[in-house]
Amino acid sequence: MNAAPDRYALTHELQSLYADYCACIDERRYSDWPDFFTEDCVYKVIPRENHDRGLPLATLAFESRAMLKDRVVAITQTLFHAPYYQRHIVSAVRITGVDDEVVKAEANYLIVRTKQNEPSEVFNAGRYIDVLVREQGGWRFKERCCVFDSELIPNSIIYPI
Amino acid sequence: MNAAPDRYALTHELQSLYADYCACIDERRYSDWPDFFTEDCVYKVIPRENHDRGLPLATLAFESRAMLKDRVVAITQTLFHAPYYQRHIVSAVRITGVDDEVVKAEANYLIVRTKQNEPSEVFNAGRYIDVLVREQGGWRFKERCCVFDSELIPNSIIYPI
Amino acid sequence: MNAAPDRYALTHELQSLYADYCACIDERRYSDWPDFFTEDCVYKVIPRENHDRGLPLATLAFESRAMLKDRVVAITQTLFHAPYYQRHIVSAVRITGVDDEVVKAEANYLIVRTKQNEPSEVFNAGRYIDVLVREQGGWRFKERCCVFDSELIPNSIIYPI
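Residue numbers (the numbering used here), protein chains in the order written: chain Z, 1 to 161; chain A, 1 to 161; chain R, 1 to 161.
Calculated from the structure, these hints are not laboratory results.
Hints are not guaranteed to be accurate.
[Claimed, not checked] Calculated cross-link-like contacts (lysine-lysine; reagent style DSS-like; alpha-carbon spacing at most 27 Å):
| no. | chain 1 | residue 1 | chain 2 | residue 2 |
| --- | --- | --- | --- | --- |
| 1 | A | 142 | A | 115 |
| 2 | Z | 115 | A | 44 |
| 3 | R | 115 | Z | 44 |
| 4 | A | 115 | Z | 115 |
| 5 | R | 104 | R | 44 |
| 6 | R | 142 | A | 115 |
| 7 | Z | 142 | Z | 69 |
| 8 | R | 69 | R | 142 |
| 9 | Z | 115 | R | 142 |
| 10 | R | 142 | R | 44 |
| 11 | A | 104 | A | 142 |
| 12 | R | 69 | R | 44 |
| 13 | R | 115 | R | 142 |
| 14 | A | 44 | A | 142 |
| 15 | A | 44 | A | 104 |
| 16 | A | 69 | A | 115 |
| 17 | Z | 142 | Z | 44 |
| 18 | R | 44 | A | 115 |
[Claimed, not checked] To give an idea of the interface, some chain Z residues facing chain A are shown, with a C-beta separation under 7 Å as derived from the structure:
| no. | residue |
| --- | --- |
| 19 | 15 |
| 20 | 19 |
| 21 | 85 |
| 22 | 112 |
| 23 | 121 |
Note that the structure is predicted; figures quoted are calculated from it, not measured.
We put the beta carbon where it would ideally sit given N, CA and C, even for glycine.
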């Protein structure tokens with residue numbers, strides 16, 4: 001088998017992973033969300049302006065799967081917020097690096113938000129910048145950096161991006 | 001051939017089908033739309049709130065290709081409505097079940113609507129929940145359930161989702 | 001190798017190309033943008049109404065890679081405009097024709113725009129209608145026609161679609 005079919009297979013696998021990730025969040029199965037990450041992962045949500053200038057300030061930053069689990073408890077039990085639906089639309093995955101067991105990939109995303117008794121609206125648009133590793137059970141995010149374009153968020157970001 | 005390449009091929013075929021379906025509607029070739037369905041199909045458009053609670057009330061529900069053809073007549077000849085353009089953006093297809101000749105699949109969708117002399121806007125976002133069978137001429141929808149997030153639709157849904 | 005796997009490979013290659021094209025624009029690497037086109041290319045941005053009626057009037061029309069390079073100079077140095085971020089979300093590529101070395105393909109696109117201190121918004125939605133040829137270095141656009149639905153653009157189109 002030459003390199004190209006391998007690349008097709010990898011693209012296919014990542015596209016599936018990304019779709020499963022979105023479905024998990026959009027269907028509000030938040031307790032499954034940390035399982036998409038490695039144990040010592042990084043998950044960040046950062047404004048594009050900061051990311052482009054190399055400024056480290058992130059809206060959200062977690063540094064382990066355990067912290068993601070804490071976040072899920074906050075979302076589902078602690079944080080006071082008006083609930084809303086999310087709907088992820090993700091463009092084709094771009095593989096930007098393959099090195100032994102580590103894959104770098106990116107994809108544009110758009111999240112449409114729907115609050116109760118309001119029309120659906122553009123909530124958050126940006127780019128996933130990811131580092132993935134293959135573990136028992138499939139591909140996992142070692143890093144997922146969600147770089148969002150909007151400096152002005154219509155409301156605070158409660159659920160995972 | 002092992003299972004994985006088969007899965008790639010299937011994903012590829014469904015992705016093509018979904019894109020063709022969207023193109024058919026977005027290009028207003030409505031008379032071709034019923035051909036995407038089996039003769040004894042189900043096509044439903046249902047609010048997420050009802051779907052999630054198991055409530056059967058749907059905004060639209062048709063139970064055969066003949067009913068879809070009736071709908072096309074209504075859209076193109078009977079229903080009084082201000083015309084609008086639709087533009088479908090569909091995320092990666094997720095295959096959720098493969099069983100003999102029947103495939104279950106899902107995909108997130110966003111429809112951008114453009115009315116005359118108005119800017120484009122988010123119209124309807126949600127999830128296709130589909131059951132597909134392979135017939136003479138390719139894959140067809142045995143069921144297409146369009147579960148939309150917005151309880152508040154900016155206007156009545158005229159064209160297919 | 002039979003026809004179907006070839007079609008998968010081609011779809012995969014075009015999907016990658018389209019994603020790279022979007023990334024180039026969204027990341028503001030405008031000087032790389034003309035390299036996606038052949039030397040004697042056509043790049044057009046045209047309202048759907050005109051396209052559907054066969055009217056030739058386009059919002060933008062360029063007829064060579066040299067003209068695209070001129071456009072890049074205009075964008076980056078000459079045109080007076082308030083800067084904005086673009087984020088492309090592109091649906092699955094539809095291959096509509098394969099003839100020797102020439103491929104015809106289409107895809108639905110949505111561009112989300114973010115202006116400084118404003119929320120992200122739907123900017124431009126439509127369909128790419130493309131003619132592609134394989135050259136040294138990969139696939140290039142011989143023609144890219146961006147047919148957009150909105151007659152009413154929230155502001156002038158500055159950056160590539």
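Q: Could you tell me which of the numbered hints above are not met by this structure, giving the numbers in increasing order?
A: Numbers 1, 6, 9, 13 - these are the hints that the structure violates, sorted from lowest upward.
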